[in-house]
Structure formats: structure tokens, C-alpha cells
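Chemist: Sequences listed follow chains A and B, in order.
At the far end of the first sequence sits residue 258, using our numbering, and the numbering has no gaps.
At the far end of the second sequence sits residue 265, using our numbering, and the numbering has no gaps.
Everything labelled a hint here was simulated from the structure, so no lab data went into it.
Among these hints, one or two may not hold up.
[Said to hold, decoys possible] With a cut-off of at most 25 Å between alpha-carbon atoms, the simulated DMTMM-like pairs for lysine to aspartate or glutamate come out as follows:
id: 1; chain 1: B; residue 1: K43; chain 2: A; residue 2: E130
id: 2; chain 1: B; residue 1: K13; chain 2: A; residue 2: E95
id: 3; chain 1: B; residue 1: K255; chain 2: B; residue 2: D232
id: 4; chain 1: B; residue 1: K43; chain 2: A; residue 2: E13
id: 5; chain 1: A; residue 1: K36; chain 2: B; residue 2: D115
id: 6; chain 1: B; residue 1: K43; chain 2: B; residue 2: E258
id: 7; chain 1: A; residue 1: K43; chain 2: B; residue 2: E6
id: 8; chain 1: B; residue 1: K43; chain 2: B; residue 2: E140
id: 9; chain 1: A; residue 1: K36; chain 2: B; residue 2: D172
id: 10; chain 1: A; residue 1: K43; chain 2: B; residue 2: D172
[Said to hold, decoys possible] Over 12 Å on every C-beta distance to chain A, these chain B residues come out as not near it, computed from the model:
id: 11; residue: K2
id: 12; residue: R81
id: 13; residue: S84
id: 14; residue: Q88
id: 15; residue: L92
id: 16; residue: L130
Here a beta-carbon is modelled for each residue, glycine too, at the ideal position from N, C-alpha and C.
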Amino acid sequence: MDWLAKLGQSTLERFAAIGRATGMLLGALLAAPQIKNISLTIKQIYVVGVQSLSIIIVSGLFIGMVMALQGYTILVDYGAEGSLGPMVALSILRELGPVVTALLFAGRAGSALTAEIGLMKATEQLSSLEMMAVDPLRRVVAPRLWAGLISMPMLTLIFSAVGILGGHLVGVEWLGVDVGSYWSIMQSTVEWNEDVMNGVIKSVFFAFVITWIAIFKGYDSVPTSEGISAATTQTVVYSSLAVLGLDFVLTAIMFGIE
Amino acid sequence: MKNLIEIDSLTFKRGSRVIYDNISLHIPEGKTTAIMGPSGIGKTTLLKLIGGQLRPDSGDIQFRGESIPGMSRKRLFHVRRQMSMLFQSGALFTDISVFDNIAYPLREHSNLSEDLIKTIVLLKLQAVGLRGAVNLMPSELSGGMARRAALARAIALDPELILYDEPFAGQDPISMGVLVKLIKELNNALNLTSVVVTHDVNEVMSIADHVYILAEKKIIGSGTPEQIKQSDSALVQQFLRGEADGPVPFHYPAKSLEQEFLGVS
């Protein structure tokens, strides 16, 4: 019966953690916005958004280039290399853009958020805010949450745009696909709502999940070296898995059989 | 004499481990009260209980006659503006300069102009002898300086009560002397109430008006430093003299030597 007790205990602990995470989220979202906090949010957008730009642009470029290369070798067998444009654009806008950006964001910004908040906890900075009658949820958590929510959809759009340009670079400039068919067939095939906006909506969901996990893991971490290292790892693992699982659900809802 | 804080039959547990078992103590207004005891008995926990960061399992903690565990979060935040805490690590915000650290509570809780804030920050830094370090980052300060800067931040809003968490731990003799002097002077000059949690016996005995000694989940001694020195409790005497063995044993509880090495049951 020992395993049963352990199962029960770990289930209870998980539910308690979900409860704490929801409490933290509500506390951060409902905290009355203050003018002072807008500058904090802008600073965080710089940290999690602007500083992630280079990795997002480089990855977007290479993903687009690889997609064009792979797509071309398949399409050319059927004489359909003119459809390379929509193939690259659709796969990036619908799937690769939001998902890869989210995975990179989890690794680059999510882990940093967890480590930063965990260390603030370990060095008693969160406690000292509490004692100064400043709510850490409002001062530390809320600006980071909003920064993640604002930055990631933009990063996703930048990733997709650069990826499509990368496809042009390889497909048109290198492999010789007709430039007119690359862009004009893409333009006639890609739908604004169906493809572009669905990708953006996905990225909003991903941003929410990643930032929530990252901040909660930092806030709830055991304030020791091992605790923070475990929390950082968990942030990347959990948010990557959550992104992939959520992507399937969202895709099923958006593009599923009617 | 009025008491600023009254702790009444407080019991606090962490999980199933009892930290405090039904303790009562008073912190008189305008005085320096020392709380001493061996490491690991939860002295910091007591400060967090007073600050309302933790809730007792039973009993009450009153600040000016108002129950801290019974307060709403809003009221608690209001009351906390009258108290401040000096953390063991200093807990300065590492991403902003010394100036911004001390200006932080002022900017957060007052509508003073930046000119006035600058004046107050420099005055507070002058009080702790760090006016010259105003533009440094916390990472550029030594341990003792960080604690003094944190002290300047703690007095930025002119609180009525300061809770010092191990202010002397890990300090060299000079920094220790500086901190002892600062705590004493601030207490007298600003008419503060100070609670100093520590295990540095000599330093704190020289500045405290009243001393409580905590051990084994209870208060084992209380009184003025003179009364404490004359206490006939063996445990108090062991603590004051720093003896290796006594009521607090040198050995962590273990099997007897015979059992361990000879297998005698």
C-alpha cells in the first residue's frame, strides 16, 4: 500500500502547486496597474523581447532556408517547384513560426525569468519587498508576465517574416525558382485570418503558458542552488512540453475536420 | 512603559516540527530588545512572524494592540510602512544602484519630488557613513557596506520599529563595531524600537535594554543584560560562555559508542 500512499501524496502536491500557481497568476493579473509599473514592463520587454531578437532572427532565417531546400527537392520531382512559396509560407506561419519561437523563447527568456526570480527569492529580495509593503506580485511578477505576453507574438511575426525571406534566398536566389511564382502564388494562397492570425493566436497562448510556468517556477522555487537549478530545468522542460501539447490542441481546433 | 509588540502564547510549526511552543514576549517601545539563541532555532522565523510574513498556528502577535495575523493584507501592508527589517544578506536590489535602492521605498510610498528624495537619500547614507558610495552598484560593496546600505534603506521611511536579522553575522571586528554603534545611535537619535536577533553575545549585551534567550522552543531566560548574566540556568550560562558541552550536548544524538563499534545491544 506504500505506493498508493505515495501516489496520493504526489497527486495532492501537484494539485496544491496548481492552486498556488493560479493564485499567483490571479494576484499578478488583478494587481491594480500603476503608472510606475509601466516603465518596469517596458524594461522587461527589452530584456525578454528585444534581447531575444538575434536568436529569433537567426533561427527564422535558417528554418526558412532549410524548408526551401527540402521543399524544392520534393516539389521538383512533380514539376511543382512553383508552389515552393506557399509551402514555405504556410508551414512557417501556421506551425514552425509559433512553435519554434515558443521553444526558443522558453530556453532563452523563460529560463532567465525563473533563475532571476528564484535568486531574488534566495537573496531575500522578495521578502524585503514584502517588508517594505510592496507586493512582489505587482512589482516583480506582473511586469514580467505582461512583457512575455506582449513580446512573444511580435517575435513570432518577425520569425515568420525572416523565415519566408530565408525561403526566398534559397529557393529563388540559389535554386532558381521563378521569383514571380514564389511570391504571387504565396499571396493568393495565404489567408490573413486562417494562416497569419491563427499563428498569432497560437503564439499568444504559448506566451501565456511559458511566462506563467517560468514565473511560477521561480517564485515557488526552493531558495537554494539545487532548488533554482531544478526550477530552471523544469521551466524549460514543462513549457516545451506544454507548447507542443497545446499546439496539437489549437491546431485541431483551428484546422480540424469540420 | 508601553509595549509596541506583544506576543502572546505563540505556537508555530513547520510541518510537524514545532518551532515555538507557547511563547510570550513583549517588545517595549523606544528600547532595544535582543533575542538570542543558538543557530537553527528559528530566530529569523520570529521576525517573519512579527512582520506578518508567516502566520502562527496559535496565539497572537499584536502591534500597538492590533493583531497582526488577524489583519487584512491591505491593513498589513499599511502597518508594514511603520516597520522595516534589516535582512541578514542586506537584500539590496542587485539591478539598481545604492542610490536607487535607498530611494526605492520613498518613491514607492511617497509623492516627494526627486530633489527632496535625493536629499533624504544622501542624509540617510551620511548617517551610515556611505555618502561616498551613493553611485556604486550593490555588487561593488563589501559585506559590511552592503549591510550599512541596507540599514540606510531600512530607515528611509523613518519607521517606528526595525527588526535586525543577525546584523553582526559574518562581519569583521571593525564592521561589527560600526554596526553596533549604528544600531545604538539610530535607536537613540530616532527614538526607534529595535529588535535584534543574534547570537553574538558580547556585542548585543552592550546595546540591549532587554534580552530574551530562546532555546528548545521556549524562552529560557529574559531580563536586562545584568540579570541575564546572573541567571542560574545552566543552559543560559552555557550559551553566554560559549561552552562546547553542557545542557546543549556537544554530540548530535547517536547510538552509544559500544553499540556503534562493538555491536553490544
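Chemist: Which constraints among the numbered hints does this structure fail? Numbers only, ascending.
Modeler: 2, 3, 4, 6, 7, 8, 9, 10, 12, 13, 14 and 15
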